[in-house]
Amino acid sequence: MFVNRLQRLGADTIQTVAGLGRATLMLIGAVFGKPDVRKGFPLLIKQLYVVGVLSLLIIVVSGLFIGMVLGLQGYTVLVKFGAEGMLGPLVALSLLRELGPVVTALLFAGRAGSALTAEIGLMKATEQISSMEMMAVDPLRRIIAPRFWAGVISMPLLAVVFTAVGILGGHLVGVDWLGVDAGSYWSAMQANVDLYQDVFNGIIKSIVFAFVVMAIALHKGFDAVPTSEGIAKATTETVVTASLAVLAFDFVLTALMFGG
Amino acid sequence: MNTRKIEIAVGCFVAIAIGAFLILALKVANTGFAGSGETYTLYADFENIGGLKARSPIKVGGVVVGRVASIELDKTYYTPRVRLEISKQYDNFPETSSVVILTSGLLGEQYLGIQPGFIDETVHILQDGDVIEDTRSAMVLEELIGQFLFNRN
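Line order of the protein sequences matches chains A and B. With the first letter of the first sequence counted as 1, position 167 gets the number 167 in the working numbering; the numbers rise by one all the way through. With the first letter of the second sequence counted as 1, position 137 gets the number 397 in the working numbering; the numbers rise by one all the way through.
Mixed in with the good hints there might be a few duds.
[As the list claims (entries may be wrong)] With a straight-line Cα cutoff of 27 Å, these simulated DSS-like cross-link-like pairs (lysine-lysine) come out:
(1) Lys348/B <-> Lys287/B
(2) Lys265/B <-> Lys46/A
(3) Lys348/B <-> Lys313/B
(4) Lys39/A <-> Lys265/B
(5) Lys313/B <-> Lys335/B
Note that these hints are calculated values from the structure, not bench results.
Work the whole structure out from these sequences, hints included.
Written as structure tokens, this is what we have:
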């Protein structure tokens, strides 16, 4: 009884470590594999469309609403201190530093990451990946690499769009609806937001999140048990693991960038 | 969907993202200050800088003319030395000018105010690397309260 449990614990540990190893090997194969620009570029464009362009709508809409909520909530607190002129910096800094990269990564994991896992898992279940290997086509280069790079390219772009739309949403609620002065909204924002400290650090954050989310989504798909339950489980795991990993990485990055 | 349309859609996506980045860079963040890059440097020694920080604005009559570049402690006199970066556009402050640490509002940020002094034949114009002699330190609320309590007895 006890020995059985011990055995299972050991097996699980070995499984986890082996999974981590496979994920790393897959990532190395996809990232450092010799790229074939002539063949790879159309695949990358196709994946940029699937991963980036199709995610644009959800990013714009949620960015707008999050900016509007920030404007509304920030105003109700700031107006008590007569500091509604600081609404601009409040909205801009919280979007640039935290909400832009993080919410984009979470939405991206749900919108694009789960779809990628399911797609690759189904490819595995229908033995498309094995047949590619049989035809001497490297599935890491043909399937994983374009999707990975498409994610890494489009996530920072989406985060930037999210942030800009959110700031406009805050402007919509704060200035057009609640009557904060438009001049002080923008000028206080400019006085408090630094290009390197805030804008670039936010973009660096979202690049890191892109690596994390794409690595998890692709690995879970590539490693899925090739049955319908296996793919369902892998898709769920992608969203859960990627979201948790993004939040954990966010804490570490925030501590590094803004903590000291 | 054919490849052509996909390429156009991806191109639009990248263009939108670049547009959003330009909004963030130009409208939201301060690139350097006021956009004009050329600056010159002045120094000022204070007794106490209060809450002044690097990148605090320098104002003349409310107009931002530069930013505080850095603040260091002078090792011989143990007084803070502030490095001021002022736009080349405003390069005619006389050496009789004085620098004051002011607070915007009761609880607001602290900033540097320059009071331009008089000019006649014997007065030089401040050049790059000069030190402004006439400085007034920050108002520290605790010291004011302390003085008030002390003076009552």
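Now for the hints, and whether the structure bears them out:
no.	hint	in the structure
1	Lys348/B <-> Lys287/B	23 Å, holds
2	Lys265/B <-> Lys46/A	10 Å, holds
3	Lys348/B <-> Lys313/B	22 Å, holds
4	Lys39/A <-> Lys265/B	19 Å, holds
5	Lys313/B <-> Lys335/B	19 Å, holds
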